[in-house]
Each structure stands twice: as C-alpha cells, then as structure tokens.
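There are 2 protein chains.
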Amino acid sequence: MRAGVFDSGVGGLTVLKSLVDHNLFDEIIYFGDTARVPYGPKDKNTIIRYSLEALEFFKNFDIDILITACNSVSAYAIQEMQEVAPFPVVGVIEPGVMAVTKRIDPDSLILIIGTNATINSKRYQKMLQKHGYNNLIAKPTPLFVPLVEEEIFSGEILEATMRHYFGDLKPDAVILGCTHFPLIQDAIKSYFHHKTTLIHSGEAIVEHLEQRGLAKPSTTTPTLKFFASENPEKLKKIAQKWLKS
Amino acid sequence: MRAGVFDSGVGGLTVLKSLVDHNLFDEIIYFGDTARVPYGPKDKNTIIRYSLEALEFFKNFDIDILITACNSVSAYAIQEMQEVAPFPVVGVIEPGVMAVTKRIDPDSLILIIGTNATINSKRYQKMLQKHGYNNLIAKPTPLFVPLVEEEIFSGEILEATMRHYFGDLKPDAVILGCTHFPLIQDAIKSYFHHKTTLIHSGEAIVEHLEQRGLAKPSTTTPTLKFFASENPEKLKKIAQKWLKS
Chain W
1 MRAGVFDSGV
11 GGLTVLKSLV
21 DHNLFDEIIY
31 FGDTARVPYG
41 PKDKNTIIRY
51 SLEALEFFKN
61 FDIDILITAC
71 NSVSAYAIQE
81 MQEVAPFPVV
91 GVIEPGVMAV
101 TKRIDPDSLI
111 LIIGTNATIN
121 SKRYQKMLQK
131 HGYNNLIAKP
141 TPLFVPLVEE
151 EIFSGEILEA
161 TMRHYFGDLK
171 PDAVILGCTH
181 FPLIQDAIKS
191 YFHHKTTLIH
201 SGEAIVEHLE
211 QRGLAKPSTT
221 TPTLKFFASE
231 NPEKLKKIAQ
241 KWLKS
Chain A
246 MRAGVFDSGV
256 GGLTVLKSLV
266 DHNLFDEIIY
276 FGDTARVPYG
286 PKDKNTIIRY
296 SLEALEFFKN
306 FDIDILITAC
316 NSVSAYAIQE
326 MQEVAPFPVV
336 GVIEPGVMAV
346 TKRIDPDSLI
356 LIIGTNATIN
366 SKRYQKMLQK
376 HGYNNLIAKP
386 TPLFVPLVEE
396 EIFSGEILEA
406 TMRHYFGDLK
416 PDAVILGCTH
426 FPLIQDAIKS
436 YFHHKTTLIH
446 SGEAIVEHLE
456 QRGLAKPSTT
466 TPTLKFFASE
476 NPEKLKKIAQ
486 KWLKS
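Residue numbers (our numbering), protein chains in the order written: chain W, 1 to 245; chain A, 246 to 490.
For reference, chain W alone in the conformation it holds in the complex (with noise of 0.2 Å):
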C-alpha cells in the first residue's frame, strides 16, 4: 500500500515516524507546505485553499491513502478534502479522540494543546464531549512551534514558556494537538512530574489505521519519498534526524 502524508512543513515527520516504526506502508510519499509554514495562525478559508493545493499534488501518485499529519488541517479542512478526493482521507484528531477514550476515565482533567487554528476550531473539544468527556481545558501554546523549530527541547526558555501556558494546571491527560509538540513530550511530561498521560497524534493515527483496516503492517520498512513546496533538501535532513531519534 501507498500513503501520502500532507503536512504544513516538517513537523508531520513526527507522525511518519509513527507509521515506518509500525512499517504501516510498503511506500509513503511525504509533502510538507515549508513555504507556507505555518498554518497554525491562519485563517480557515486559506488553510482550506492550501489544503486542496496540496491535495492537487497528491493525485500525481497512486496513493491509497491521504494522511493529513498537520492537526490545523485536521481541524479545518477534512471535510472539504474529502469532498473531492479520489482516495481516503485521514485526519488526527478523530484517531487522538478515540486514543483518549480508550485510555482515559470520562472524569478525569484533561488538556488540549495546539495552534491557535486546532484551539479556536474546538473539534477536539466537541468531539471529546460526545464522548462524555467534559473536564477539558483547552489552550493554545503556538510558542512551542518556533522553540521545537528552534531545535529548543529543554531548557530555561520552554521551562518558562510551560509555567507560561500550564502555570500550576494538573491535568490527568495533555493531548498534542500539534505534530511540532512530541519533540518535546519529555519536558511536558517532566513539567507535569510525570503523572500525565500523553496522547501523541503519530501513535493514535497508527491504531486508528490498523482498526479500521485502512493500513496493514509490511514485512520492511516503506520506501520514504519527500516533497516541499521549498527547500526539500532542508526537509530531508531534518528527516533523517528525526527519524533516527
């Protein structure tokens, strides 16, 4: 099987980390919108335009599946990608959703991170509440983005930009609502003295894909194959970090 991977720059590489750990495909074709990064301040309807550019882009190959890694994608977008293409389109917030309901009591405090777009969007929030989960907080913390950008993990400036967002909250889950975020999941988890669950988009969509039967495991690693709409060979180096890690 053949996937595509639609992000707005290189922070879905945490998501396709994911899937070639799980070897989900035999080949995926990643595409990140690095001269348009970052969606997370934009508006809905250009979010939605760019989306439908890069969906263009994808139907130059034979793809089973389209995977939008990017959660202000997810957020704002699905609906009208999957309007119009030829393949299955596959979003994160519905598998980070049910990853919730799957690990996470209905009571319990949880706290949505993401862009300002994923936030104000409220489609985790709304879905969560079908499910019964009503103790949510959310927030956005866009600073994360350009600090993970920044190759800033830890340190004094994500420990105050943490105090900045999280200030004393206990919350029981975080869910990262961003693909930047997982990079620093470990101060997250730390700030919060490890009591917190993490829910991670790249490890929900992969349950999420073997549930429904949209992807099956390969004997060898997927063929990668990378395109941006800027700087690909800055793309690639940062992906031959990431994946490693």
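These are computed hints drawn from the structure, not numbers from a lab. Each hint should be verified, as a subset may be incorrect.
[Stated by the list, open to error] The list that follows gives simulated cross-link-like pairs (lysine to aspartate or glutamate, DMTMM-like), each with its CA atoms no further than 25 Å apart: (1) A:Lys289 - W:Glu149; (2) W:Lys244 - W:Glu150; (3) W:Lys225 - A:Asp288.
[Stated by the list, open to error] Only part of the chain A face toward chain W is listed, based on derived beta-carbon distances under 10 Å: (4) Arg281; (5) Asp288; (6) Pro333; (7) Pro351; (8) Ile402; (9) Thr406.
Quick caveat, the model's predicted, so the values are computed rather than measured. Each residue gets a CB set at the ideal place from its N, CA and C atoms; glycine is no exception.
Place chain A on chain W using the hints.
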C-alpha cells in the same frame, strides 16, 4: 505624495508608525502578506517570488514610492523589485546602515539581529564593512518574532530568550534588523543596561527619505489604507493598537 508600505505581515506597522509620526506622506497604502507570513525562515527565491507578487498589487495604486518595511524582503528581493517597478522602491537595510554611520564610531562593537533570511543574506554585514565597520556580530534571533506576535514584550520568557541569544555580549549598538523588534526595544535596552544604542528601521527610513528628498512632511496626518492577504480586519485592529502606543 502617496506611499506604499509592504511587509510580510503586521511587523511593518512599526515602520508605518514612524512614517505617520513624522507626517511623511499624504496617503499611505499598507499591504501585509498575512496569509504567507513569516518570510524570515523562507528561501531567497520564495521571498523574491512573493515580493514580486506584492509589487503587482501596488501597481493598482498610483503610488509615488514603495517602502519595503520587511528586512527579509529588503535583504533578498529589493533589486528584483527595483528592476520591474514603475516607482522607486526603498528597503530598510541601506537606511539602517546610514543611521549607524551617523551615530556610531567605526571601532564600536555592533550586534545585528534579525530573521535567518536577513542575517544569512549578509547584507547588513557587507554594507557596514564597506563603511569601515568591522567589529560586527550577526545573530539570527527568530524567536523574537513569535514572542512579539504573542504580544510578549517583557517577562521571563523574553528574558530567557535574550539570555539564550545575547549571553554576556556587551555591544555598543544593536541593529534591530526586523520590524517586530522595536516592540521589545525597552526590554533589549534594559538587558544591555541602557548602554547600547538601538538602530530602528522606522526611524532610519524617515531620515533616509527626508535626506534623499523622497518624501516631504505633510501638514496633516496621512490617510491610511490597509490591505492583507488574509484577515484584513485583524491587521486593522492591531494597527489601531500599535499606532497609538
């Protein structure tokens, strides 16, 4: 006289404020490419492409001069824009360097801060060296951009970020090589114990335009028109706030 001000987003409002404070034009058309901001991490070719598109937009108006407030555009696309524009196009780098030559001794230690694009272009460095300034430290400080966009102008995240970038440097002058940075100039001045001269693109360009006869002060505050590639209402709201302060 009617001027255009082009910026990648809202940052150029700090340059607009200087023009307005000095009543430099009768009318100013501001365009922020908010759908594709930030330009700072992007490639030279992408920045040129986006800048030429913005130039086309300004051809809709009968402007006498176009000011590119964005340092990344000034660093990479100014020549390409000048070649095809039917009006003069002025960037902020040459004015910034001229402001240095008027205020700062050639032996002084000058710290140049800006986006990756601006610093990597080496435009400030080369132009300063031509004027005999060789004691230069150039540092990309990209995290200041999202901090300003989150309206974090003081506090522990900013302090930690300044320590990260500045350490125990003691520059005689700092070139604020990004339109976002004037909004944190008080914090930067205080970090350097108020012993450092800050060079501000907005003030530099006002001097430059007046000296070159490219602008005449008007007797009244200029009329302002705002355009954005997405969410113009948000741009106008921020403009109202920033222009007052």
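Hint-by-hint comparison with the structure:
no., hint, result
1, A:Lys289 - W:Glu149, "holds (19 Å)"
2, W:Lys244 - W:Glu150, "holds (18 Å)"
3, W:Lys225 - A:Asp288, "holds (21 Å)"
4, Arg281, "holds (5 Å)"
5, Asp288, "holds (5 Å)"
6, Pro333, "violated (28 Å)"
7, Pro351, "violated (33 Å)"
8, Ile402, "holds (4 Å)"
9, Thr406, "holds (5 Å)"
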